Amino acid sequence: MWRLSTFLLLAAATTVSAQSQAIQVGRPPTPEEIRELGSAIAPDGTGLPPGSGTVAAGQKLFAAQCARCHGPAGEGDVGARLVGGQGTLATPRPLKTVGSFWPYATTLWDYVNRAMPFDQPGLLEAPDVYAAVAYVLNLNGIIAADQVMDATSLPKVRMPNRDGFVADPRPDVRKDRPKP
Amino acid sequence: MKRSSPSRRQLLQMGAAVGGSLLAGEKALALEANPRKLGEPLGPYGERSPFEKAVRWRRDSKTPETGSSFTPIHDSVGTITPSALHYERHHSGIPAIDPSRHRLVIHGMVDRPLSLSMADIKRLPSVTRVMVLECGGNSAGEWAATTGADVQRSYGLVSGSEWTGIPLARLLAAAGVQARASWVIAEGADACRMMRSIPLAKARESSLLAYGQNGEAIRPAQGYPLRLINPGWEGNTNVKWLRSLRLTDQPYMARDETSKYSDLMPDGKARIFTYAMEAKSVITFPSGGQTLPGQGEYELTGLAWSGAGRIERVEVTTDGGKTWTAAVLQEPRLPIALTRFRLPWRFNGQEALIASRAIDETGYVQPTREELIAARGTNSIYHYNGIKVWHVRADGTVTNVEA
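Heads up: the sequence lines are chains A and B, in that order.
Under the working numbering, the first residue of the first sequence is numbered 7, with each subsequent residue one higher.
Under the working numbering, the first residue of the second sequence is numbered -4, with each subsequent residue one higher.
Don't take every hint at face value.
Unchecked claim - What the simulated footprint calls covered on chain B by chain A, stretch by stretch (three residues with Cβ under 8 Å from a Cβ of chain A suffice, anywhere in the stretch; the number is not a length):
1) 109 to 119
2) 180 to 188
3) 234 to 244
4) 253 to 259
5) 264 to 276
6) 359 to 368
As the list claims (entries may be wrong) - The calculated DSS-like cross-link candidates involving lysine-lysine, where the alpha carbons are at most 25 Å apart (straight line), are:
7) B:LYS57 / B:LYS255
8) B:LYS117 / B:LYS197
9) B:LYS255 / B:LYS197
10) B:LYS264 / A:LYS162
11) B:LYS255 / A:LYS162
If you're looking for bench data, these hints aren't it; they were derived computationally from the structure.
This structure is a prediction, so every number in the text was calculated from the model and none was measured.
For every residue, glycine included, the Cβ atom is placed at its ideal position computed from N, Cα and C.
Isolated chain A (complex conformation):
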């Protein structure tokens, strides 16, 4: 039905566009292709896989996989600083970290899962990602040491800078046009 109605609509327009629109390409993705795409995590938690991780497990994992770039306590080195900076965003020297700047904990899960460790992205299994995220959130004082992160608890974490983002108001520098 869809193809027929599309074709009729375009046939009423021009011959050229009807012909090009009529070219059908592609096929449905295979289950393997969808699996290979992996997770992408929305701020409401959509996409989070099963599994869970504790702060304690995250501490061990962090020491083994993350500390060599981010420092033993997330203070930063070759890799970004992950802790501190809360209260600095409106100062001349803002320190943007997971704790001070990132608006959603789901972003941390998504980014660790897709991009970390830097030299071996994709290495971590879902429970490891939950654990690493739990540890970094705990380092920032955002969750307690006994909290467990999973698909239900993670989206409920309220980040300190959750309300720190505003829409783009540009053009924000207004001036008269110079005369020719």
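Got chain A; can you put chain B on it based on the hints?
Below, chain B alone, put in the same frame as chain A:
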């Protein structure tokens, strides 16, 4: 030897005929006696002259797979950047992708999820557009006057190319986007699976899926074999090595649109989804690090561009902003494309403050650095488009004003 015989006779006759010019004839004879060396044979893929040395610049890094390399815009002519000199910004290196195995999957809130090969995509009617691409972080050092010594380092995260591909709208229609979808989450096939959220309205209006750049396949460093092109928007949204377009009802708040590429204001709030690149221009000759060889006539030149459309006018000052003169704009002026401007200028050996300002077809006027800072402070990192002033000293050397 056979070939030189007649000319030798001719030269001798000529020398005898004009008497005193026999010596000149002997000189010509000597030249003629050295046969010219044959040049290089034809080749399958060209290289530039070994005398040409323009290269991209990048900082040394412990992780060379991430970072930026800057186009030598001071060495550029015209408006197209050679693909080999296009600026780079990678987050986890350049992937090696076999195009026969690469697929783009369109999924999420669509009626008919699609998996497309490169052959599928190339079978569809193509479009070609000349466009500018600028990193959202280009000229970031200007905010705090920690700018690079030359225009390549301070303004070189911008390049111009001819892109060929297909309108994304065509494939979105084929996939049947559901009514509740409002965003497209684009993801690359690089190691870190770089991801950005793109409003569906933009994707339908003007986004391209590009496979061609400057008459050949996109270079690996630019997204081979497939790159999302969002005309006029910051480079990072033009996702390279594109492998996934997920239709959703919300932005995914990716790391590269929250932690990065958002603009921190003096009040501590950060502007998010600041996609558009506003009008900007810079003089590339004379510019920082160059030296005018002496007094006399020069052609002052530079580049202007706007993410909002055509460049309508570029004005140049050579007296620190007291007077402005309209520069000549190279035609054709294409929307969202590098536009070269030129102005004859006489250097009298007196120091001069020179600058350009661009005005685009919407009437937007490129602001001064001071105006930008008054509006946004100095912590926003991204989307700097202030007027760049160069200081031409009496001895002809050119520096930053702040230097």
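Hints and how they fare:
Only residues whose C-beta sits within less than 8 Å of a C-beta in chain A count toward coverage, and the region 109 to 119 of chain B has 8 of them, enough to reach three; the restraint holds. Given as covered by chain A, the region 180 to 188 of chain B passes the check, having 5 residues with a CB less than 8 Å from a CB of that chain where 3 are the minimum. Beta-carbon proximity to chain A at under 8 Å applies to 4 residues in the region 234 to 244 of chain B; the threshold of 3 is reached and the given coverage holds. With a cut-off of 8 Å between beta carbons, the region 253 to 259 of chain B has 4 residues touching chain A; three or more are needed, and the interface restraint holds.
Residue count for the region 264 to 276 of chain B with a Cβ under 8 Å from a Cβ of chain A: 9. That meets the three needed, and the coverage hint holds. For a cut-off of 8 Å, the count of residues in the region 359 to 368 of chain B with a CB near a CB of chain A stands at 5, and the three-residue condition holds. Distance restraint check for LYS57 (chain B) and LYS255 (chain B): the Cα-Cα separation of roughly 20 Å lies within the 25 Å cut-off, and the hinted pair is therefore satisfied. A distance of roughly 22 Å separates the Cα atoms of LYS117 (chain B) and LYS197 (chain B); the hinted pair therefore holds under the 25 Å criterion.
Under the criterion of a C-alpha separation no larger than 25 Å, the hint pairing LYS255 (chain B) with LYS197 (chain B) is consistent with the structure, at around 21 Å. Taken as a hint, the LYS264 (chain B) and LYS162 (chain A) pair is honoured in the structure, with Cα atoms around 22 Å apart against an allowance of 25 Å. Between LYS255 (chain B) and LYS162 (chain A), the direct Cα distance comes to roughly 23 Å. Compliance with the 25 Å bound is thereby established for this hinted pair.
Going down the numbered hints, you'll see the structure goes against none, and every one checks out.
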